[in-house]
Amino acid sequence: MTAMRGISSMTLLALLSHWRRNPLQLVTFMTGLALATALWSGVQAINAEARASYQAAAATLGEGQFDQIVARDGNTITLQDFVGLRRAGWQVSPVVEGELHGVRLVGVDPLTSPGGLPDLPLGSSAPLQEFLGDGVLFGTAETLAHLQDAGLAGHVVLQRAPSVAPGMALGDIGLIQTLLDRDDLDRLRVSADQPLRRPALSSIAPHLRVQETIQRSDLGQMTDSFHLNLTAFGLLSFAVGLFIVHGAIGLTFEQRRGTLRTLRALGVPLRRLTVLVAIEMLCLSILGALLGIVLGYVVAAALLPDVAATLRGLYGASMSGTLSLRPEWWLSGFAIAIVGTTVATADKLWQVAHMPLLASAHPRAWSMKVGQGATLRSLFAVALFLGALVLMRVGDGLLTGFAIQGALLLGAALALPAVLSVVAKALQGSAHGVVSHWFWADTRQQLPGLSLALMALLLAVSANIGVATMVSSFRLTFIDFLDQRLASELYVALETDDQSAAVEASLLAHAGEVLPLLSADTQANGIRVELDGVRVGPTYRENWQFLGQSDTAWSDVADGKALIVNEQFARRADIWVGDPVTLRGADPLPIGAVVADYGNPRGQVVVSEALFFALFPDAVALRFGVRTDAPDVLIDRVGQDTGLSRSAFTDQAEIKAFSLRVFERTFTVTAALNILTLGVAGFAMLMSLLTLADMRVPQLAPVWAAGLTRRTLGRLELLRALALAVLVFLLALPLGLALAWVLLAIINVEAFGWRLPMFLFPGQYLQLGLLAVMAGALAALWPALRLARMAPGTLLKVFANDR
Amino acid sequence: MLLALNSVAKAFSDETGTVAVLRDVSCSLDAGETLALTGESGSGKSTLLHIAAGLDLPDSGTVMLDADTLSAQTDAGRAALRRGKIGFVFQQFNLIPSLTVRANVEFQARLARKLDPDHIAHLVAELKLEPHQHKYPEALSGGQQQRVAIARALAARPRLLLADEPTGNLDENTAGNVLNAMLSLVNDTGAALMVVTHSATIAARMERRLHLSGGALT
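Line by line, the protein sequences give chains A and B. Number 752 in numbering that gives the first Met the number 0 belongs to position 753 of the first sequence; there are no gaps in the numbering. Number 128 in numbering that gives the first Met the number 0 belongs to position 129 of the second sequence; there are no gaps in the numbering.
These aren't lab readings, by the way, just hints derived from the structure by calculation. Be aware that a few hints might be false.
Restricting the straight-line Cα-Cα distance to at most 25 Å, the calculated cross-link-like pairs of lysine to any residue (SDA-like) are [what the hints assert, rightly or not]:
| hint | chain 1 | residue 1 | chain 2 | residue 2 |
| --- | --- | --- | --- | --- |
| 1 | A | LYS424 | B | GLU137 |
| 2 | A | LYS560 | A | PHE545 |
| 3 | B | LYS134 | A | PHE545 |
Derived coverage of chain A by chain B (criterion: at least 3 residues anywhere in the stretch with Cβ under 8 Å from a Cβ of chain B; other residues may be distant) [said to hold, decoys possible]:
| hint | segment |
| --- | --- |
| 4 | 429-438 |
| 5 | 441-449 |
Here a beta-carbon is modelled for each residue, glycine too, at the ideal position from N, C-alpha and C.
Same shape as in the complex, but just chain A:
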């Protein structure tokens, strides 16, 4: 037993001595694994934080669970309104909100709250008294510390409640009203259980309206697709990092073949040797994972503000701006690092377990070995491409979209070495000079050793091209869409119904065209939608572009014979131009046109103003679009006529600028992840070149001896990296465009409900190409300099007789 333990420890020491003698390989292995784990766990940390924020918000506010009553004019609700509704039988509960010292204070009434008391750490004996107690505010430790610093501790009792959303403090409504110095309410939550007979809201409080929970309930689904996107990016980054790990492990095993053979020859049992190698790899993967998790925390902390902005901008979802060390993400980081290392090690362990005792221990066999099975890999790549094609034809759903992307990426990565080899062979054949002939021949020989790094570069560049195309197509479409939708030069928003008629009359007297913007919630084909009423005129006819339309779409809509639906609704209800749509309380009408409606998760139906009033006779237009050549004059004249203040008017340019600002931040995270992925690919190339550098010496020494200077050889090494980066970029271009198509035509439709047209952006691709070439050049610079400055003695060792 002791003897076996001695064998194990001695064997382990012998195995570990390899890393001491090859520190660069150790650095490559650890850095590759750490980077891969970092990007994965960073993304998971962001997702975990966002989900925790949603849950906390839902738990504390009941958001997404209940309809809410809000004021039509966006103002607050009086206590009298609340009392009136309760007396009429409406089961509603008041909520007051406001900001104090940068913290969102939320006051609820525990006695009427539809969801009961929020999930708070209250004593089980008398939770209600505890909540109502002597001015208790509940919040996370971070929020409470902030309030304490602001000097609130003397006035209220601050109690920790981890379930409360970050940046929010919850308390009894009376306390919050006191703190905010208010006596009104912001909204009323409507319980799902209501008496069967109750008067209509319009008869009790006509200035209030019910905001249905549909938009909120979509939030989970919409943000899920965003997080799925992030996860896909994390996985891609991890795959890129794993290429580095696989390369480092492959090299390590090949270089240690001799050691392993000797260990076995000296009497280490094969099974024990295999187990010890597995233990060694496990220990290293744990170390790499630890490093990666620390790095992932840094990545996540850096990206979190942008993610929070994206989620707010796209979906109106709030999330914490600070990061917690949640076990779900760091455990997933550990798991994926260990699984990744196991995957990368599995075939090597199999080789160790099956290696004949007298197998060749030639270290340079490694690079050639990688090249073996090229035909098999190419066939597998073709199978993956065919699989992607089949999925495009028969599959649907978000996961299918990601599966197609995965198949395309993996297929392209596997096909890359074969394609590059063919290209290099063709260039070798057409080369005139002996040096260029050797250059391409030598490049072909290097491909097996570099292929993993080049695959990583291909994945990174094509992902960049795909996402850049998607984002820029989205941007172009969005700007065009804003131009269509925001054609009016001015927008007017009124506060009360009684202003409407006078303002409209004044606008009609002074403006070119006045467009009342009417909207109400209703159902169409049994689906909740927003119904918009429009005054059909030249502005709509000239500016709105449709995805599909009948020849007489606008005329039919104007005559009340047809309606327009947005793409989201059309896709959700699986209908298109000509299909009938039944609005609640109306006869079916055919769809005259389908309009793109980017950024809106809700279904929308557009009808004529007349039809809208027929369905909602009490509706009042509180918003107007106004066509005018002289906005300032118009604002003054309407102000003189009706007393309407300047603040009621909004310039079209302001709205466009705001919308674009929201848009620009939306994709900041994606861009950051893309650049990080490209950086990891550049690192993979650097490490491959550095590890290959030593093996290159015997190949380069005869060329040097034949009369090429070290400087020339160094320049050629740099040139080779540049040439390969250019070739990879040229191959990444069609792949990236295919990925963009999948993103726009499949994933986007599944995730968001609208399809975007695809545009090409050669300027951006050129920039990305330059970035890829720069990554290749930077990666090759150090190895090339090392070669150019290599001592002749190092090259001469190749010729030493007793080497």
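Use these hints to put chain B onto chain A, whose structure you have.
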């Protein structure tokens, strides 16, 4: 005189200290002459050969090739002299694995812009390499690889051929054939030959013999 080494000295340093490999070595070689350099392992034979080829520089002393002071040239200058005037045959062959046999043979001649297809054809025929011209080095036996190395070294019609244990990796029979081919071609091209060897048989086939011991010629 084609090659002249005057008072050449070379020492190597490592963590254990400095070792003088060559001490005040002087020797010369005329055009068309053949010379064997013998000595024990570690006596400095290969170092002397590397210095003669301009692959390495002496710590002191000079190396003249024709009228050029090889040891005073820049890296680029020495590379140019190697391309045009020197052929080198290594014990380990050191063929370029990414090129075919034919491309390996032509490689140095093309570099020196002295490619003569007839001469290449002659070398290939003399060294019995015709059937292997389109193969890659990995597909050849040791003897065949060394014949390719000799063809490559002579393809640019060098004035000086340096060979470091050219048959050290070959069996006796193959070694004899390779040596015969090399001497025959050296004779044809008029090159001078300096061979580093342990073999008394090979040394006996050279016109002149020098023995290196303890870093000095005896």
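Hints versus structure:
no., hint, in the structure
1, A:LYS424 to B:GLU137, "holds, 18 Å"
2, A:LYS560 to A:PHE545, "holds, 18 Å"
3, B:LYS134 to A:PHE545, "violated, 65 Å"
4, 429-438, "holds (count 5)"
5, 441-449, "holds (count 3)"
When the structure is compared with the earlier hints, a violation turns up for hint 3 alone.
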